[in-house]
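Here's the letter readout for the chains.
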Amino acid sequence: SAVISQKPSRDICQRGTSLTIQCQVDSQVTMMFWYRQQPGQSLTLIATANQGSEATYESGFVIDKFPISRPNLTFSTLTVSNMSPEDSSIYLCSVSPGSTTYEQYFGPGTRLTVT
Amino acid sequence: GENVEQHPSTLSVQEGDSAVIKCTYSDSASNYFPWYKQELGKRPQLIIDIRSNVGEKKDQRIAVTLNKTAKHFSLHITETQPEDSAVYFCAASSSGGSYIPTFGRGTSLIVHP
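Chains as they are written, first to last, in my numbering: chain A, 1 to 115; chain B, 1 to 113.
Because the hints were derived from the structure by calculation, they are not lab data.
All figures in this text were calculated on a predicted structure; none of them were measured in a lab.
Among these hints, one or two may not hold up.
[As the list claims (entries may be wrong)] Between beta-carbon pairs, the in silico distance windows are:
{"#": "1", "chain 1": "A", "residue 1": "S18", "chain 2": "B", "residue 2": "G41", "range": "35 to 41 Å"}
{"#": "2", "chain 1": "B", "residue 1": "N53", "chain 2": "A", "residue 2": "S18", "range": "42 to 48 Å"}
{"#": "3", "chain 1": "B", "residue 1": "K58", "chain 2": "A", "residue 2": "Q24", "range": "32 to 38 Å"}
{"#": "4", "chain 1": "B", "residue 1": "S98", "chain 2": "A", "residue 2": "G16", "range": "33 to 39 Å"}
{"#": "5", "chain 1": "A", "residue 1": "F61", "chain 2": "B", "residue 2": "L46", "range": "33 to 39 Å"}
{"#": "6", "chain 1": "B", "residue 1": "P113", "chain 2": "A", "residue 2": "S53", "range": "33 to 39 Å"}
{"#": "7", "chain 1": "A", "residue 1": "S1", "chain 2": "B", "residue 2": "S52", "range": "18 to 24 Å"}
{"#": "8", "chain 1": "A", "residue 1": "K65", "chain 2": "B", "residue 2": "E79", "range": "30 to 36 Å"}
{"#": "9", "chain 1": "B", "residue 1": "K58", "chain 2": "A", "residue 2": "S84", "range": "43 to 49 Å"}
{"#": "10", "chain 1": "B", "residue 1": "E83", "chain 2": "A", "residue 2": "S1", "range": "18 to 24 Å"}
{"#": "11", "chain 1": "B", "residue 1": "Q45", "chain 2": "A", "residue 2": "K65", "range": "24 to 30 Å"}
{"#": "12", "chain 1": "B", "residue 1": "A29", "chain 2": "A", "residue 2": "F75", "range": "29 to 35 Å"}
[What the hints assert, rightly or not] Within a straight-line C-alpha distance of at most 25 Å, the following computed SDA-like cross-link-like pairs (lysine to any residue) qualify:
{"#": "13", "chain 1": "B", "residue 1": "K42", "chain 2": "A", "residue 2": "S5"}
{"#": "14", "chain 1": "B", "residue 1": "K42", "chain 2": "A", "residue 2": "S88"}
{"#": "15", "chain 1": "B", "residue 1": "K22", "chain 2": "A", "residue 2": "L45"}
{"#": "16", "chain 1": "B", "residue 1": "K57", "chain 2": "A", "residue 2": "Y105"}
{"#": "17", "chain 1": "B", "residue 1": "K42", "chain 2": "A", "residue 2": "L45"}
{"#": "18", "chain 1": "B", "residue 1": "K42", "chain 2": "A", "residue 2": "Q6"}
{"#": "19", "chain 1": "A", "residue 1": "K7", "chain 2": "B", "residue 2": "Q45"}
{"#": "20", "chain 1": "B", "residue 1": "K58", "chain 2": "A", "residue 2": "S1"}
Glycine residues also receive a C-beta, built at the ideal position from the N, C-alpha and C atoms.
My request is simple: use the sequences and hints to build the entire structure.
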């Protein structure tokens, strides 16, 4: 499976600021996703990062709050904008190698604390 | 859309016992059912999956069964060990849903030595 890295691994941020999380894969992948996992909770899909076009957001998530870039087949960024303490969570990227492939593999996650 | 229910939320067993985690799904079009293990502070890891054309799949001490008629699938862990302690998530997906999984709420498995 692909090797996935995320930066930063953790951060503590002040409310009102923004943080950009990077996800890098060691091979080209068709699908990249961004998830949020709040403490003790399941995985919630934020959006699908589409290469060369705007991301596809799930209900409850908007581009102004979570802008996403996907400039190529190995890299994506998620920005958490105008942060509040409610944004404190773990943010995970995941990849699926092919467009008709079900398997998803997760990055190590970014633990964000907003004070 | 798809809805996945997972039970129990917490499961406590003695080392060597078996553990069973059950999930139900709502969308009859779902045809891929992965299971993820997430250890504390780590990423979810895909441990086993099953597709709708088979009823059971085994990999050493873990197995997954699928009943498409009843729309439920289960994870079975035999001879549990302390290192099996983790949160386990089931999920369901379909090609009609762009292969994006819907996750269950998770089961915290605790294996006591």
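Hey, K42 (chain B) versus Q6 (chain A), does the alpha-carbon distance stay inside 25 Å?
holds (13 Å)
Has the given pair, K42 (chain B) with S88 (chain A), been kept, meaning a C-alpha gap of at most 25 Å?
holds (17 Å)
Given pair status - L45 (chain A), K42 (chain B), alpha carbons within 25 Å
With Cα atoms ~18 Å apart, K42 (chain B) and L45 (chain A) stay inside 25 Å; holds.
Whether the CB-CB distance between S18 (chain A) and G41 (chain B) falls inside 35 to 41 Å
violated (25 Å)
Would you check the hint for K42 (chain B) and S5 (chain A), treating anything up to 25 Å between C-alpha atoms as holding?
holds (13 Å)
Need the status of pair K22 (chain B), L45 (chain A): alpha-carbon distance at most 25 Å?
The given pair, whose Cα atoms are some 22 Å apart, holds under the 25 Å limit.
So the hint says 43 to 49 Å: do the beta-carbon atoms of K58 (chain B) and S84 (chain A) match that?
Taking Cβ atoms as reference, K58 (chain B) and S84 (chain A) lie about 46 Å apart, which means the hint holds.
S1 (chain A) and E83 (chain B) - C-beta distance against the hinted 18 to 24 Å:
holds (20 Å)
Cβ distance range 30 to 36 Å for K65 (chain A) and E79 (chain B), holds or violated:
Hint violated: Cβ distance 46 Å, outside 30 to 36 Å.
Tell me if the beta carbons of K58 (chain B) and Q24 (chain A) are separated by a distance inside 32 to 38 Å.
holds (35 Å)
Look at the Cβ atoms of S1 (chain A) and S52 (chain B) and judge whether their distance stays inside 18 to 24 Å.
Check passed, 22 Å falls within 18 to 24 Å.
Could you grab the alpha-carbon distance between K58 (chain B) and S1 (chain A) and see if it respects the 25 Å cut-off?
At roughly 20 Å apart (the allowed maximum being 25 Å), S1 (chain A) and K58 (chain B) satisfy the hint.
Taken one by one, the earlier hints fail for this structure at numbers 1, 5, 6 and 8, listed in ascending order.
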